[in-house]
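J.: Residue numbers (the numbering used here), protein chains in the order written: chain A, 6 to 274; chain B, 60 to 322.
By construction, these hints were calculated from the structure, which means they are not laboratory data. Keep in mind it's a predicted model, so treat the numbers as computed, not measured. It is possible that some hints are incorrect.
[To be verified] Just a few of them, taken from the derived set where beta-carbon distance is under 7 Å, the chain A residues facing chain B:
(1) Ala176
(2) Met182
(3) Ala187
(4) Ile191
Heads up, the beta-carbon is just placed ideally off N, CA and C, and yes, glycines get one too.
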Amino acid sequence: MGAPRAEGHEQMTDFLKPHRIVMIAIAVALVLACIFLLNWSWLENPKYQTLILQGIWRTIWITIVTMVIGMLLAIPIGLAQAAGPWYLAVPARVFCTVIRGTPLLMQLWLLYYGLGSLFPSIPWIRESDLWPLLRQAWPYAVVALSLSVAGYEGEVMRGAFKGVPHGQLEAARAMGMPRFTALRRIWLPQAIHRVLPTIGGETVLQLKATPLVSTITVMEIYAVVGRIRQDTFIIYEPLLFLAAVYMCLTGLIVLLYRWFEGRMPKRVA
Amino acid sequence: MTVTAREGKASGPRPERIRIENLHKSFGEIEVLKGVSLTACEGDVVAVIGGSGSGKSTMLRCINFLETPTSGKIIIGGEEIRMRPDGSPADRRQIEHARQHLGMVFQSFNLWSHMTILQNLIEVPVHVLKVPKDQAVAIAERLLDRVGLLAKKDAYPAYLSGGQQQRAAIARALAIEPRAMLFDEPTSALDPELVGEVLSVIRDLAAEGRTMILVTHEMKFAREVSNHVMYLYNGLVEEQGPPEQVFGAPRSERLQKFLKSLG
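Only chain A is shown next, with the shape it has when bound in the complex:
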């Protein structure tokens, strides 16, 4: 039992080189200075606490929901481009080009201020059961962010589908596997394995695209912090807090995907 401890101790002394000790000390000092010298009184306000929790939750679910919807759209879009007939491949290609070629903020505003202001003028929409939903801002946010994911990941999925070695599909074909079964059992799982590391990174980018929806009145964490700054005239501290929130969420996403990837079988090219 002595050996591992000695090893751990050795690793520790290896890590604690003088320059590292100095840097750690500076980092700790900075954090402590931030905690004790800056004004965090607003965090004690129960009203803001509730708003912050709601905001963080909104940021999280918007990220997850739009990634899931976006990926579900991206798979057929990628497949259409990789293997579809021209009448599916061309629209898919155009969709990806338009989504990737225009700013997300603009897409969001076109949906919200464009469609969103067009809908009330159409009587049958106003009278439909969907109207209570369409009157709110978040459906537009979800649609815009999902389409953005679909556009970017559609392109990624196209490459992933094409990157699966031909022999893998030929083996399925040679054994009489119907085409849809081969897609479901062989082609899609292998394409997903390939993109998983990319999707992890894209999820982080998606998380950091969510503040855009604050511009159409969705109160996620960025909007909440903006409101706290306006209310209290405290400028810097809420921003630092916001940075910490996003970094924690990013860390969670990275850990989650690392865990996923660890469960995947390794393949040798």
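Given the coordinates of chain A, work out where chain B should sit on it, guided by the hints.
T.: Below, chain B without anything else, positioned relative to chain A:
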């Protein structure tokens, strides 16, 4: 142009497994097969030899329509595969069904890399042929034991050597209980020291009377296991016959040259 019955083994007519009639295949302007015919009855082991570009792999891949023939007939288990004018199968169900009776082994193994060896073996039986899973697993384990890979059943293909992967691929082809096996240069991608273990598995299959068409560069092996040898040259059958005759007393000058070049 048909394969004669295996001497001394045939008692009464054996059912026909695979017949090719006047098969043509062009890739664009290049005609790779210029009218090849072949019949393999139950228990026949047909070795197809020839230089690179002779069309031997293309011929094999036309049998299960991995390549679509330009013209000709393919008859599998007595059933002619209906073709469109462009050579593609007219009825996808029919060709899928025919393929389920043909076990194909590739030069590059093509084991599904996201599945364990056992999962590779039960994939088609369970998800296509609808064999109950426990039954498929039992068959797969028996086959893996036979090719000496039972201990590797839960390993992923990437962790196996080339020889092991090819043996697993043969077991996978056997798992669909095929009526005939198609081997497309099964040892060409292997390191020399791994060739033997794969050949010995194929040899066992031949010995138990399995119908096989074997495209190979291993002349000694072809001579040993086959009862009929076809030498393809430039898309045509240049010479064929029993192995003793084709290897022992080749008549065609090209075949003599080909055999000589291989030492």
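J.: Confirm or reject each hint.
T.: A quick look at each hint next to the structure:
With its C-beta approaching chain B no nearer than about 4 Å, Ala176 of chain A sits inside the 7 Å limit, and its interface hint holds. The interface hint given for Met182 of chain A is met, as the beta carbon of that residue sits about 5 Å from the closest beta carbon of chain B, less than 7 Å. With 7 Å as the threshold, the beta carbon of Ala187 of chain A stays out of range of chain B, its nearest partner Cβ sitting at about 9 Å, so the hint is violated. For Ile191 of chain A, the shortest C-beta to C-beta distance to chain B is roughly 6 Å, which falls under 7 Å, so the interface hint holds.
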